Amino acid sequence: MKVDAIIPVYKPDRSFFQLIEKLETQTVSVRRIIVMNTEEKYFEQLIYGTKFLEQHQKVAVYHLSKKEFDHGRTRASGVGRSDADVFIMMTQDAMPEDNRLIEALTTALEDEGVAAAYARQLPATDAGPVETYMRGYNYPPASRVKSLEDLPELGIKTYFCSNVCCAYRREIYEALGGFIKHAIFNEDMLFAAKAIQAGYRIAYAAEARVIHSHNYTCGQYFHRNFDLGVSQADHPEVFRGVPSEGEGIRSVKGAAAYLRRQKQKRKIPGLFLQSGCKYVGYWLGKHYRKLPRKLVLRCTDNREYWAHEDRRRDVAGIDATRGYGRAEQETR
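So for the sequence shown, this note's numbering puts the first residue at 27; every next one is plus one.
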């Protein structure tokens, strides 16, 4: 089985070298490492004075501008540069915990009905208590294979999948049309939903482990969750009937209980503030069509997406300067 890794990169730091070395020393070999780098100057600054490309012959780097980046299209472009049976999507800040990551992911794909298998994410040493809890909440120690039959029990978690580290079976990926080409967020979850609705399964491979966590500010959570809300508003065929709000409430209650157990009750107000910022961002994103364009651009974490959206609307003959709500009505 041929396996390639595909990594979108933006402003990489020296930890990127460690990631490449970890991928090159796996028990199951990666044939090629395809790097989709945004803004060539930042990558050139990183490798200046080194022999990185000479020393790592498996690495192939392709550059694009920030205006060209799109969560779905950029990843799909990386897949198009691979002919491997299995490709593994990763982010530049996901560090394999050991040398059995690829082995565990490909083992999970041995069942021909499994379209994708995503890895367990463990908190980094500098992760705060809430982030530590959320890693365990979303990525528990037990593996599971999810199908359409799990929807009544798991709800929106049935479709949960993460391109932080996820292996895909190419044959099924291509049969389903691949990643959506214009996505502000959630291209991984949208593909997982499409696969499950088509009768395939998604595997959570807890034995495949990467170190990946963030200590975001309230503002960063607001912007990210705004984009999350936009992605759900744009795809009601997936998210209608499986709302995220209930899952969010459960996670907040669990985090508060965790802080009490850890004798860190003083952090609970911060948890509630953080959760409020997440919800406000998410709610505004879900209703972005009713917002003025200037407010949308202030709320989003991905301004380039809206430039692509404006171009798409121009092709459709819609004046994007008049606001998303009015423009949307004219398409109906």
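These are calculated hints, taken from the structure and not from any lab test.
Predicted model, so just to flag it, every value in this text is computed and none were measured.
Among the hints, a few may not be true.
[Stated by the list, open to error] Here are the simulated lysine-lysine pairs, DSSO-like style, with alpha carbons at most 27 Å apart: (1) Lys279 - Lys92; (2) Lys77 - Lys67; (3) Lys48 - Lys93; (4) Lys92 - Lys28; (5) Lys207 - Lys93; (6) Lys289 - Lys93; (7) Lys207 - Lys316; (8) Lys48 - Lys37; (9) Lys320 - Lys289; (10) Lys279 - Lys289.
Here is how each hint holds up against the structure:
1. Restraint check for Lys279 and Lys92: not satisfied, since their Cα atoms lie roughly 38 Å apart, outside the 27 Å limit.
2. A C-alpha spacing of about 17 Å is found between Lys77 and Lys67, which places the hinted pair at or below 27 Å, so the restraint holds.
3. For the given pair, Lys48 sits about 30 Å from Lys93 by alpha-carbon distance, which is inconsistent with the 27 Å threshold.
4. Restraint check: the Cα-Cα separation between Lys92 and Lys28 comes to about 31 Å, which exceeds 27 Å; the hinted pair is violated.
5. For the hint pairing Lys207 with Lys93, the CA-to-CA distance comes to about 15 Å; that is within 27 Å, so the pair holds.
6. Distance restraint check for Lys289 and Lys93: the Cα-Cα separation of roughly 46 Å exceeds the 27 Å cut-off, and the hinted pair is therefore not satisfied.
7. A C-alpha spacing of about 24 Å is found between Lys207 and Lys316, which places the hinted pair at or below 27 Å, so the restraint holds.
8. Proximity of Lys48 to Lys37 is assessed by CA-CA distance (about 20 Å); at most 27 Å being required, the pair is judged to hold.
9. Under the criterion of a C-alpha separation no larger than 27 Å, the hint pairing Lys320 with Lys289 is inconsistent with the structure, at around 43 Å.
10. Using a Cα cut-off of 27 Å, the hinted pair Lys279 and Lys289 holds, with the two alpha carbons roughly 16 Å apart.
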